Amino acid sequence: MNNYNLSRRDFLRGMSAASLATIAGGPPRLLSAEPVKHPAATADTCILLWMAGGMAAPDTFDPKRYQPFEVGVPVEKILSTFPTIDTVVDNIKFTEGLENIGKVIDRGALIRSHVVADLGNILHSRHQYHWHTGYVPPQTVACPHIGSWIARVRGPNNPVLPPFINIGQRLEGNGEQEELKAFTTGGFFGTEFGPFNLPFPTDAADAVRPPKGMTPERFKERQAKYQELLKRSPVGELASDHHHESMVRSIDNAYRLLNAKERDSFDLSKEPKEVFDKYNTGRFGLGCLLARRLTEAGARFIEVTTEYVPFLHWDTHENGHTTYARMKKEIDRPIAQLILDLEQRGLLDRTLVVLATEFSRDMMIEGIPGSTARDQSRAPAQKLGEMKHYGLHRHFTGSGSVLMFGGGTKKGFLYGETAAERPLLTTKNPVSIKDLHATIFQAMGIHARTAFDVEKRPFYATEDGKGVPVKELFAKG
Amino acid sequence: MPVRLLVIFAATIAFPVVAADPPKGVDFAHDVVPILKTHCAKCHTNGTYKGSLSMDTRADVLKKAMVPGKAAMSAMIKRVTSTDADERMPPEGKRLTEKEVQVLMKWIDEGVTWEPGFSFKAKTYIASVKPRRPKLPHPNEPVHPIDQFVDAYFADRKITTPARLEDDAFVRRVYLDLIGVLPTQSELSAFLPDSAPGKRDNLIRRLLDDKRAYADHWLALWNDLLRNEYKGTGYIDGGRKQITAWLYKSLLDNKPYDVFVRELVSPTPDSEGFVKGIKWRGEVNASQVVELQFAQNIGQVFFGANLKCASCHDSFIDHWKLDDAYGLAAVIADKPLAIHRCDKPTGKTAATKFLFPELGTIDPNAAKAKRLERLAELTTSPENGRFARTIANRIWHRLMGHGLVHPVDLMGDKPWSDDLLDYLATYLVDNKYDLKKLMEHITTSAAYQSKAVAIAKEVPNDEYVFRGPEIKRLTAEQFVDAVWMLTGTAPAKPQAAAAIPPFGGATPKERQFVRATLVDADPLMRSLGRPNREQVVTVRPEQLSTLQALDLANGQILAATLTRGAENLLKASPKASADELVEHVFIRALGRKPAADELVAAHGLVGEKPTTDGVADLLWSVVMLPEFQLVR
Chain A
82 MNNYNLSRRD FLRGMSAASL ATIAGGPPRL LSAEPVKHPA ATADTCILLW MAGGMAAPDT
142 FDPKRYQPFE VGVPVEKILS TFPTIDTVVD NIKFTEGLEN IGKVIDRGAL IRSHVVADLG
202 NILHSRHQYH WHTGYVPPQT VACPHIGSWI ARVRGPNNPV LPPFINIGQR LEGNGEQEEL
262 KAFTTGGFFG TEFGPFNLPF PTDAADAVRP PKGMTPERFK ERQAKYQELL KRSPVGELAS
322 DHHHESMVRS IDNAYRLLNA KERDSFDLSK EPKEVFDKYN TGRFGLGCLL ARRLTEAGAR
382 FIEVTTEYVP FLHWDTHENG HTTYARMKKE IDRPIAQLIL DLEQRGLLDR TLVVLATEFS
442 RDMMIEGIPG STARDQSRAP AQKLGEMKHY GLHRHFTGSG SVLMFGGGTK KGFLYGETAA
502 ERPLLTTKNP VSIKDLHATI FQAMGIHART AFDVEKRPFY ATEDGKGVPV KELFAKG
Chain B
2 MPVRLLVIFA ATIAFPVVAA DPPKGVDFAH DVVPILKTHC AKCHTNGTYK GSLSMDTRAD
62 VLKKAMVPGK AAMSAMIKRV TSTDADERMP PEGKRLTEKE VQVLMKWIDE GVTWEPGFSF
122 KAKTYIASVK PRRPKLPHPN EPVHPIDQFV DAYFADRKIT TPARLEDDAF VRRVYLDLIG
182 VLPTQSELSA FLPDSAPGKR DNLIRRLLDD KRAYADHWLA LWNDLLRNEY KGTGYIDGGR
242 KQITAWLYKS LLDNKPYDVF VRELVSPTPD SEGFVKGIKW RGEVNASQVV ELQFAQNIGQ
302 VFFGANLKCA SCHDSFIDHW KLDDAYGLAA VIADKPLAIH RCDKPTGKTA ATKFLFPELG
362 TIDPNAAKAK RLERLAELTT SPENGRFART IANRIWHRLM GHGLVHPVDL MGDKPWSDDL
422 LDYLATYLVD NKYDLKKLME HITTSAAYQS KAVAIAKEVP NDEYVFRGPE IKRLTAEQFV
482 DAVWMLTGTA PAKPQAAAAI PPFGGATPKE RQFVRATLVD ADPLMRSLGR PNREQVVTVR
542 PEQLSTLQAL DLANGQILAA TLTRGAENLL KASPKASADE LVEHVFIRAL GRKPAADELV
602 AAHGLVGEKP TTDGVADLLW SVVMLPEFQL VR
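Line by line, the protein sequences are chains A and B. When we follow this note's numbering, the leftmost residue of the first sequence carries the number 82, and every step to the right adds one. When we follow this note's numbering, the leftmost residue of the second sequence carries the number 2, and every step to the right adds one.
These are calculated hints, taken from the structure and not from any lab test. Quantities reported herein were computed from a predicted structural model and do not represent experimental measurements. Beta carbons: idealized from backbone N, C-alpha and C, even for Gly. Just to be clear, a hint being listed does not mean it is correct.
[Claimed, not checked] Residues on chain B that point at chain A, a partial pick, calculated with CB under 8 Å:
#1 D169
#2 Q536
#3 E599
#4 M625
The shape of chain A in the complex, shown without the other chains (with noise of 0.2 Å):
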């Protein structure tokens, strides 16, 4: 009866594809002509931290000759605007303002050598698309999110929450906001494998309470009558119909939610006040500490970002020294807080912790050397006059950082290198988006070549299923 009951380390054949949207060539199936061996999952729980925006990897975990303000310094002789601090680790050196994550990156891995793929021209929304699905838009078909594909292979780890939530990102109201929806979905899984989104993390349990101005015992009265007006129903037969039996099972699913005891996870004034403030640093430090609640519930798959608007937060395009003395103040604390807390609960080990961003910066190339991107400074200067010169204002995809916390991956690791003069590029260890993923999904324990049949062909989780996952960024074999 249950969907999700996938057999997860077993040779995965012939399943049926309950529940899911049918797409022009009928609903995605699991492919059984090439049986794929799932490799074990060294984690339950993945936590995507999403850096929205481009978050430049030499003002935050790969910092570089320092430059300090001083008017007329050219700027090319710039390569990061803050000083190099110390973390807990001897090898690692992170930036100024990230001082909590310098001393538990003895619990994480960071990865410097992140290179994403240089399309020719920046649109962060495309590149975010890429980043979340694993494939450069426009595509064929509606590509699912990587929390999708978690969802869809592993199913939700516990059956009452959604497997894929979504916090921090507004969908509406916003710049780029129809780009932003076009990977924030479940593709051609349906929505039953798409992204349960709540973008303000205050706001969360609204979600999960009767509508606004119901009362509890209305809305249990109100579902006690529907029921015995759907008993009543004069559907006969019909009531063996696959839509019939999936709409009636998917609203006892949603019924269920409203009013599981999980309900609690997704409501943060249920937090003592010192532990919410600890989080609080704004919405994103609150959805760490949301996102903290979800794992302690058992979800599957969250992501919390900093949320992508155009030319805000970490998409500097002026002003970014400013700019990211601000957001390094607003993650650091929380996501220190969110892994030792974790960790403290016993979580850490069966919960990979990802820190991402769709590309880095760099104060003066865009793109990587010789790319064909356009400019896109808003504050150009050949010397520095004002602090709004002052930044790595232009979209750098030739390295970047991400971390990697528990879930089975190394601890106190350094992986990857960059060049220690401009261009910044990878000189170790290059790792795509495709063995990024791959290496997320080994964790969760899916093949990166797990495949869907759709309209007829192997759609993979890993771009034509050729993902490699890092094997040296975990702990064992």
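Following the hints, position chain B against chain A.
Positioned in the frame of chain A, the structure of chain B alone reads:
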């Protein structure tokens, strides 16, 4: 049981090769197939098996030619590298290059990975291009032609003819199918007691004649098919264009389908948005440039032909080739189009080619406008049976819940009745491509007007047996329209950029509202399955998902709408008793009166003295019933 277990165990042992290790570079589709095709396929695949060696499937090659993981021990490698004239393969002609041998060895060493489902054996069924006019089984009997074919089909398979649908269910179904909304109470009470024998036919004609209601409803299908949306990706930097005004007018005018498609393929500025595709900023994969989007969309929408594979390499799932996709793409290309195979240039330039070359050619040297004109002509030629069959099948699918060919985009597959599909296609052509005529023809058949059959589980196409119409789920727009109509909460103004005429004189007041198809998608509609329309969409989700159910259970949009609706109802009938309100809602939502026990339950929701909350809860409980959300 033990035997079965043993088999599974043995299979596990036999193929350790596809274990956790990811592929190390050799790709079956892109690296191996071309070599096998060039050097081996002629003698060892698709019916020709020299030396009784078949290479059609992975299982076949493992029988004789190779040992997974052991290239050096594999007969194939020995033979292709042998210098012995009796041993060598291929026996004559060009040998494999060293590089090709390396690829094959690596492939074998990596375990002989195979594209799931791929076989060199050609499918046995070949969909014909030419139109065909099947003979009516009983040309002299006064039986609806569709039913003559269906009855013959039933008789052949000893299937009991489904019973005729009762009037109340019929009227709900036909309203939703033809104009997308529920009948009003006045329309119900005019239709149900009517005893005239032609009343169903008359109703069908009247619905199809309601130009605005028809256009408002079918706009959803065509927006999906033609990838047209009022907001969406691509508009942000001018890489996309709407065709809303043109499309809406075409539907209002019931433009003949051949003219309609000619105007899309060889467009005016008003209709060019479809062929222009969506252009993203920056570089895209060679198979996704706008020219190939054009080829894919033309292929999918008008011919149910999937050129998505063939845009990258010769398709493995059907007979479309890279040259077919590029040949079509070249028609719209402004400059010579370099053919890319798997995103790498092949050094060749695309030559214009129509998908069905037997119908004619397109002069590559003609100007682009002329080429498009010629393509439009070939596409819509009466000799192009595939064109008429594809749309006839789509309409049949919409009305009957299941295609004659299903899924509807795989028109190369065998229909469950060739005769019926070919008949419908020629009927459409004979009637000057009048889609309303086709809809009228289908909906006046006994096949359409029979009871729905329950399908417990969808079955693969080749196992499908037609037993009667299937249940359909309300589309997002139909659901929202039904709620708006029931509660009087529709938006005041349309957002679609089209010239929308006033309602026809005979339109009942309750149906005079702005339909969901005419406004931007809100989160509720999106949740219920109105697509983003970045890709062509031809079928909506058939099942309600948990997240959708959650949106319906506690989402603010529906909750607020129902509360406003309750206020509207109470304002309109301030003196109504609870039972009167229940009856009012049941008739409008379900097209019937509540049974006694339903009345008791529903009465409990409303309360002795009706309140806004009580009525809102009644509305919710009714619109959540499968009886409401499904078309039976």
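Against the structure, the hints:
{"no.": "1", "hint": "D169", "verdict": "violated (11 Å)"}
{"no.": "2", "hint": "Q536", "verdict": "holds (6 Å)"}
{"no.": "3", "hint": "E599", "verdict": "holds (5 Å)"}
{"no.": "4", "hint": "M625", "verdict": "holds (6 Å)"}
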